[in-house]
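*Asks:* Okay, here's what each chain looks like letter by letter:
2 protein chains.
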Amino acid sequence: MVHYKLTYFASRGFAEASRQIFKLAGVEFEDIRIIHGDGTWDELKSKTPFGQIPVLSVDGFEIPQSSAILRYLARKYGFVGQTPEEEAWVDAIVDQFKDFIEAFRQYATANRLNKPAEEIDRVKTEIAIPARDAYFKILNTILERSKSGFLVGNNVTFADLVVVDNLVTLEKNGFLNKGEQPKLDALRQKIHNLPKLKEWIATRPDTQY
Amino acid sequence: MVHYKLTYFASRGFAEASRQIFKLAGVEFEDIRIIHGDGTWDELKSKTPFGQIPVLSVDGFEIPQSSAILRYLARKYGFVGQTPEEEAWVDAIVDQFKDFIEAFRQYATANRLNKPAEEIDRVKTEIAIPARDAYFKILNTILERSKSGFLVGNNVTFADLVVVDNLVTLEKNGFLNKGEQPKLDALRQKIHNLPKLKEWIATRPDTQY
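Chains A and B, in that order, give the protein sequences. Sequential numbering of the first sequence, starting at 1, is according to UniProt numbering. Sequential numbering of the second sequence, starting at 1, is according to UniProt numbering.
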């Protein structure tokens with residue numbers, strides 16, 4: 001049996017969708033969660049392929065970069081879509097999510113660096129909120145056209161997992177009012193009600209991010 | 001025969017690697033190049049799936065997002081690597097490139113917005129240059145271990161195309177002195193000497209980005 005070890009921080013972030021693929025596929029994995037500030041990461045960083053986590057170890061063979069890990073697992077266990085065209089749209093949605101997160105990260109960074117309140121406010125109003133609105137608009141358009149309720153095709157793909165887990169984070173942090181986004185909330189419910197995910201979500205560590 | 005139409009601006013940027021896959025595969029495509037500021041893009045923008053280009057049309061079926069397009073074509077024509085593990089590393093390198101470009105874009109944006117010289121300088125020194133150095137270090141480590149001289153496995157993949165085209169841009173814009181980066185320059189030469197690419201590079205429109 002392949003030994004999988006997924007190393008990330010003690011949060012959902014860029015690893016949760018991969019964890020969920022393991023759960024959906026019913027495949028065992030080591031879920032290594034590094035605590036910020038206890039020194040473990042400082043020691044590990046230089047040993048990772050790109051100086052970053054998540055890293056997936058597959059019998060010792062290491063794969064860096066969250067989307068690469070996710071796509072590797074999704075392809076192996078059948079969560080990439082059913083045709084090359086579906087695969088392309090799954091990829092496109094995940095890339096769009098990453099572009100959105102990049103804009104949002106500027107707001108997180110301004111906060112972390114304790115920038116003046118007006119600078120934080122400016123980044124929020126001029127960058128983060130418009131990026132979120134544009135991203136939500138794209139998701140809503142996709143869901144309006146979806147016959148299955150999934151983002152792509154008739155089955156759950158890793159695009160659904162990535163998007164939904166991030167919706168949880170946006171809601172937990174005051175950037176999503178689910179009453180205002182019924183389609184996005186319906187997607188969240190659909191994904192979180194998949195029996196194997198429902199069980200995982202009820203028992204996993206609850207984290208802010 | 002499938003009718004491919006690749007729409008992008010009149011630059012290499014996020015479309016060139018896909019153009020190169022068509023050339024390497026010997027597949028015809030419509031190479032639509034939009035001129036900035038002539039009004040075409042303003043009109044087209046709202047008709048694209050995500051309000052962005054590149055967009056690839058495959059017999060009218062549209063795929064947005066540069067990496068999704070690239071992976072779709074690369075998978076179809078055999079430039080994704082030979083095993084699932086090679087595919088994962090190709091993906092990881094392209095994602096790492098995108099993270100690097102995102103950091104670099106902050107510098108481009110500061111320039112475009114005509115920020116004060118000291119602010120531009122700060123972004124260059126504190127963000128762009130360190131991001132480039134970290135990225136070059138990763139590429140050098142990968143190339144040191146490569147037996148073939150390609151980034152992944154024994155054949156050209158879309159990771160080589162993406163990385164090399166960006167090296168051209170970095171050099172053209174004063175961010176790469178090829179004498180200081182012999183391994184990166186050897187990769188560039190190796191890729192640009194692939195006969196079908198050599199021919200394309202000699203005849204394609206020469207652009208700064």
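Treat each hint with caution, since some may be false.
A pair holds if it fits inside one copy or across any two, identical chains being indistinguishable in the list.
Calculated lysine-lysine pairs in the DSS-like style (CA-CA distance at most 25 Å, straight line) [said to hold, decoys possible]: (1) 172 - 147; (2) 137 - 115; (3) 124 - 147; (4) 76 - 115; (5) 147 - 47; (6) 76 - 172; (7) 190 - 5; (8) 76 - 137; (9) 137 - 45.
Treat the hints as calculated values from the structure; they're not laboratory data.
*Asks:* Each hint: holds or not?
*Replies:* Status of each hint after checking the structure:
{"no.": "1", "hint": "172 - 147", "in the structure": "neither (29 Å within a copy, 48 Å between copies)"}
{"no.": "2", "hint": "137 - 115", "in the structure": "neither (30 Å within a copy, 31 Å between copies)"}
{"no.": "3", "hint": "124 - 147", "in the structure": "neither (34 Å within a copy, 47 Å between copies)"}
{"no.": "4", "hint": "76 - 115", "in the structure": "neither (44 Å within a copy, 47 Å between copies)"}
{"no.": "5", "hint": "147 - 47", "in the structure": "between (45 Å within a copy, 22 Å between copies)"}
{"no.": "6", "hint": "76 - 172", "in the structure": "neither (31 Å within a copy, 40 Å between copies)"}
{"no.": "7", "hint": "190 - 5", "in the structure": "neither (28 Å within a copy, 36 Å between copies)"}
{"no.": "8", "hint": "76 - 137", "in the structure": "neither (31 Å within a copy, 30 Å between copies)"}
{"no.": "9", "hint": "137 - 45", "in the structure": "between (37 Å within a copy, 14 Å between copies)"}
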